[in-house]
Structures are given as C-alpha cells and as structure tokens.
Amino acid sequence: MAELSFGTTTDLLKNALDGASLNQTVIANNIANVNTPNYRRETVSFKEALAASLGAPPDPDELGLAVDNPRHIRVADGVEPTPYHTPPIHVDEAIEMRADHSNVDVDQEMAELAQNTGYQQAMAQLLKVQYSQLGQLFRENP
Amino acid sequence: MPGFYSSIEISASGLSAERLAMDVIANNIANANTTRTPEGGPFKRQLILFAQKQDPTAAQPGDDMPGGGQSAGLAGVQVVGILNDPGPDRLVYDPTHPDADANGYVHYPNVEIIKEMVDMIAASRAYEANVAAIQDARQMGQAALSLLQA
Numbered sequence: 496m497a498e499l500s501f502g503t504t505t506d507l508l509k510n511a512l513d514g515a516s517l518n519q520t521v522i523a524n525n526i527a528n529v530n531t532p533n534y535r536r537e538t539v540s541f542k543e544a545l546a547a548s549l550g551a552p553p554d555p556d557e558l559g560l561a562v563d564n565p566r567h568i569r570v571a572d573g574v575e576p577t578p579y580h581t582p583p584i585h586v587d588e589a590i591e592m593r594a595d596h597s598n599v600d601v602d603q604e605m606a607e608l609a610q611n612t613g614y615q616q617a618m619a620q621l622l623k624v625q626y627s628q629l630g631q632l633f634r635e636n637p
Numbered sequence: 045m046p047g048f049y050s051s052i053e054i055s056a057s058g059l060s061a062e063r064l065a066m067d068v069i070a071n072n073i074a075n076a077n078t079t080r081t082p083e084g085g086p087f088k089r090q091l092i093l094f095a096q097k098q099d100p101t102a103a104q105p106g107d108d109m110p111g112g113g114q115s116a117g118l119a120g121v122q123v124v125g126i127l128n129d130p131g132p133d134r135l136v137y138d139p140t141h142p143d144a145d146a147n148g149y150v151h152y153p154n155v156e157i158i159k160e161m162v163d164m165i166a167a168s169r170a171y172e173a174n175v176a177a178i179q180d181a182r183q184m185g186q187a188a189l190s191l192l193q194a
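Chains A and B are the protein sequences, given in the same order. Everything in the first sequence is counted per my numbering, starting at 496 for the first residue and increasing by one. Everything in the second sequence is counted per my numbering, starting at 45 for the first residue and increasing by one.
For reference, chain B alone in the conformation it holds in the complex:
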C-alpha cells in the first residue's frame, strides 16, 4: 500500500524529468547555430526519452483484471536516455564561412527553433501539472493530520 509520501515522490520524479527535458531543449536552442563540436561536424539536436518507471516490489494481487493489463506499479517516470536526432543537417550556402564544405555549404545543426519552443511549452505545462499534484497531496496530508485535533 503506497503511502502519502510515495505520491509526492512520484510527482517529484515527474518534476525532475520535465526539468531535464527543459535543460535538453535549452541546450538545443543555445546550440542552434553551432557548427563545431568536439566530435567534429555540427551540433546534433538532442531528444530526451521518457519511460514509465517499474516498481520491482509492485506484485499486487489481482492486478490482471478483465479488460485491463498489468500495472507496472506506481513508481513515476524516469529518463532512459538522451539521443541525437538523426535528421539531416540544415545546409546554408556561405562559401566564405570557415566551416563551409568543398561545395560552399555550411552544415548547421538540425535544430528547429519553433519545434523546440513547442516542446518547451509542453514540458513547462507538464511541470506545472506535477506541481499541482504535489500541492494536492500536501492538502490531503494536512486534512489527515487535522484528525489529530478532533
């Protein structure tokens, strides 16, 4: 039986995942015009990968219900990786640029600012939703504690 704090921990896992997503997006935007990286070539847009966290202790009796699958246990969300977007580079013809290739094209990162902005709004709204869930858990805890005053 998960307690009151596990609910806040679950929301906290959402908060840190969304915050990391914001970091990745900010890094993409900051490097939108970076043509040099330590690995060589232009910066690659990075993607963050979320997965449901599995609770190993969550073998609950009667989990497999008709019409529903198995619950993975209530453990929140985790970031399983940050990947490079394999999409093609943005090519800009600028023969005078020091990083231009033999044909005069500069390979710019495959970052689209508009896409990053949309992702940023989504991450920030999801962050707010998790904050609201924590606030409600706190209110519920206070209501339960007020029973002591009865």
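Bound conformation, chain A alone:
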C-alpha cells in the first residue's frame, strides 16, 4: 500500500509520535510491575531507530572518490537511510538493587515518563505546524 507522504519531516514526526506512544506503553508496563518480584524492566530505543531512518550525509571534510564500478573503494560515504520499523523491546538486565530482585527504579521510570510525554507533545506540536503550513500551501495555490 503506497502511503501518501508529505515529505521527510512529516514522516519523521509521525514515526516519532508512534515511537513515543510505544515508549509510553513500555514505561507504563514497568510502573505497573513496580512491586512484581524478579521483574526485569524493559526499554525501547525508538530514537535510535528514528536516527537510522534518517541516515547520515557524507562527511564534507573527507575527499570523496569517484565510484563507477561496484568494486571501487568507497570513501566517505554517508549512511543510507533505512525504513523505520517499530523498534524491538529490550529487557534491561541491569543490576538489581532491591530485596525482591526487581530492577525497576520508580523514580527513573517517572522521570522517563515525564520526559517522554514532553517529547510527544513537542513532536505533536511540530507536526501540527507542518500540517498547518501544508494547508496554507494548498490555499495559496488554487
């Protein structure tokens, strides 16, 4: 299914909202299990997946080499963008510091929850601006 795309920025912001929502679910799960013995906290690194979906441009300080044969040596290539997929959920095996062998730190989870909510709201605001600019564009080009 070909999805209608309004460009890299809106796609990136949409994926950021998806990632923030998944991250919220993971943090909520950690908080729900705060009193579960032997529980291992889970994390999702959606920001790394987002960064990979952007790729990286070639380093401007490096002198490139012309490559017109696949066997030529490539120098100073950028990182190709990869399509964004829902990132996997990691189980954090960090050292436990509680008597019930759980490694959930509720303060850390609350901090991450607040951070994630702020991030999601910022991304939603940016996406809103993007869409309102698009709307402007459609209105001014009859």
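There's no promise every hint is true.
Below, a sample of chain A positions facing chain B; criterion: calculated Cβ distance under 7 angstroms [unchecked claim]: (1) Val529; (2) His596; (3) Thr612.
Pairwise CB distance ranges, derived in the manner of DEER restraints [what the hints assert, rightly or not]: (4) Met592/A to Ala74/B: 16 to 24 angstroms; (5) Ala166/B to Asp554/A: 27 to 35 angstroms; (6) Ile165/B to His580/A: 55 to 63 angstroms; (7) Gly148/B to Asp602/A: 26 to 34 angstroms; (8) Pro532/A to Asp138/B: 44 to 52 angstroms; (9) Gln98/B to Asp602/A: 42 to 50 angstroms; (10) Lys159/B to Leu549/A: 50 to 58 angstroms; (11) Asn71/B to Val601/A: 20 to 28 angstroms; (12) Phe633/A to Glu172/B: 17 to 25 angstroms; (13) Asp602/A to Pro132/B: 18 to 26 angstroms; (14) Leu91/B to Gln603/A: 22 to 30 angstroms.
Going by beta-carbon spacing under 10 angstroms, a handful of chain A positions derived as facing chain B [to be verified]: (15) Ser500; (16) Leu517; (17) Val521; (18) Ile522; (19) Thr531; (20) Asn533; (21) Tyr534; (22) Thr577; (23) Val601; (24) Ala609; (25) Ala617; (26) Gln620; (27) Leu622.
Rather than coming from a laboratory, the hints here were simulated on the basis of the structure. All figures in this text were calculated on a predicted structure; none of them were measured in a lab. Just so it is clear, CB atoms sit at the ideal spot from N, CA and C, and this is done for glycine as well.
Please build the complex by placing chain B on the supplied structure of chain A, with the hints as guidance.
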C-alpha cells in the same frame, strides 16, 4: 503495535493490583488480634503475589537482542495468588483468655502492624505512580488529537 489505550489498560492493571494489595493489608490489620477463624486457630497474615502478565500475542520479531532477554509482551501486572504467611504465631501468656492453650498461651496472628504499614505505603505510592502514568497517557492522547485542529 500497541496503541494508546493499551498503555492505559496496563496502568489500570497496576491500579487494580495495588488496590487488591491494599485490601489484603487492610484485612491483615483488621484481623491483627483475631484468634478465631472458620478453619480454626488464629488468623494467618496474608501475602499477595504479583507476576508479570504474559501477552500471548506478543511474539515480536527481533525480540531477542544481544545483552537482553525476551520481552514477555506489554500486558501489565496480575495477581497470581493470595497466600498465608507460614510464620509462627505470636504467643501471649494470658491463662484467663478463652482461647488460651493448655499452657496458658494465646496464639495471636503473625501480623506485625509496622510491617503492614510499610507495605501499605509502598502499595499506595505504586498506585500513585500508575495514576501519573495514566494522566501522561491522556495528555499524549490529547496532543495527538489536537492534530485534527491543524
């Protein structure tokens, strides 16, 4: 891909688990001096057992990452049982008590009020943490819905 409501459902499972924990603690405190039960003998302190809820549909690709184990899926918490604390009864010498044994000792429940109070604080703080998670999920949902006004 779990949606916005599953996050609230997860927090709700935490809320009901912590509320049940509060019920168990309240029951322990209420029965701290109960010497007669239908099963005979004094009341036994009850413990609540939490376990991570497993999501049967959560076979996500690429779950087993280096340095991490398998995620059980995001399904919240569940109460798997309420058990009796096998600890010894509290013995009080009171030969005139109707429930005193042959040696004049009354078997009181193995409930320690201080321990119950500490457990109660822990349960109530965990409850608050889940409420905060629901509030944040709601804020995120509102921010996403406000995109409709763009």
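Against the structure, the hints come out as follows:
Because the smallest distance between the Cβ of Val529/A and any Cβ of chain B comes to about 5 angstroms, under 7 angstroms, the interface hint for this residue holds. Checking His596/A against chain B: minimum C-beta separation of about 13 angstroms lies over 7 angstroms; hint violated. Given hint, Thr612/A at the interface with chain B, holds; its Cβ is 4 angstroms from that chain's nearest Cβ, closer than 7 angstroms. Checked against the hint of 16 to 24 angstroms, the pair Met592/A and Ala74/B fails, with Cβ atoms roughly 34 angstroms apart.
For the hinted restraint 27 to 35 angstroms between Ala166/B and Asp554/A, the CB-CB distance of approximately 52 angstroms leaves it violated. Distance hint check: the CB atoms of Ile165/B and His580/A are about 42 angstroms apart, inconsistent with the given range 55 to 63 angstroms. The hinted range of 26 to 34 angstroms is not satisfied by Gly148/B and Asp602/A, whose Cβ atoms lie roughly 50 angstroms apart. In this structure the hint that Pro532/A and Asp138/B lie 44 to 52 angstroms apart at CB is violated, the actual value being about 37 angstroms.
At about 27 angstroms, the beta-carbon gap between Gln98/B and Asp602/A misses the expected band of 42 to 50 angstroms. For the hinted restraint 50 to 58 angstroms between Lys159/B and Leu549/A, the CB-CB distance of approximately 53 angstroms keeps it satisfied. Separated by about 25 angstroms at the C-beta atoms, Asn71/B and Val601/A satisfy the suggested range of 20 to 28 angstroms. Hint check: Phe633/A to Glu172/B, Cβ distance near 46 angstroms, so the stated range 17 to 25 angstroms is violated.
For the hinted restraint 18 to 26 angstroms between Asp602/A and Pro132/B, the CB-CB distance of approximately 36 angstroms leaves it violated. Look at Leu91/B against Gln603/A: about 27 angstroms separates their beta carbons, and that is inside 22 to 30 angstroms. Hint status for Ser500/A: violated, given a least beta-carbon distance of 16 angstroms to chain B, over 10 angstroms. At about 7 angstroms, the closest approach between the beta carbon of Leu517/A and any beta carbon in chain B falls short of 10 angstroms, and the interface hint on this residue holds.
Interface hint status for Val521/A: upheld, as the beta-carbon distance to the closest one in chain B is roughly 6 angstroms, under 10 angstroms. Checking Ile522/A against chain B: minimum C-beta separation of about 7 angstroms stays under 10 angstroms; hint holds. Interface restraint check: Thr531/A against chain B, minimum CB-CB distance 4 angstroms, threshold 10 angstroms, status holds. Given the 10 angstroms rule on beta carbons, the hint for Asn533/A holds: about 9 angstroms separates it from the nearest Cβ of chain B.
Residue-level restraint check for Tyr534/A holds (minimum Cβ-Cβ distance to chain B is 6 angstroms; threshold 10 angstroms). Interface hint at Thr577/A: violated, since its Cβ lies 13 angstroms from the closest Cβ of chain B, which is beyond the 10 angstroms cut-off. For Val601/A, the interface hint holds, since its Cβ comes within 10 angstroms of a Cβ in chain B; the closest pair sits about 6 angstroms apart. With 10 angstroms as the threshold, the beta carbon of Ala609/A comes within range of chain B, its nearest partner Cβ sitting at about 7 angstroms, so the hint holds.
Hint status for Ala617/A relative to chain B: holds, with the closest Cβ pair at about 9 angstroms, below 10 angstroms. For Gln620/A, the interface hint holds, since its Cβ comes within 10 angstroms of a Cβ in chain B; the closest pair sits about 7 angstroms apart. Given the 10 angstroms rule on beta carbons, the hint for Leu622/A holds: about 6 angstroms separates it from the nearest Cβ of chain B.
Hint violations for this structure: numbers 2, 4, 5, 6, 7, 8, 9, 12, 13, 15 and 22, all remaining hints satisfied.
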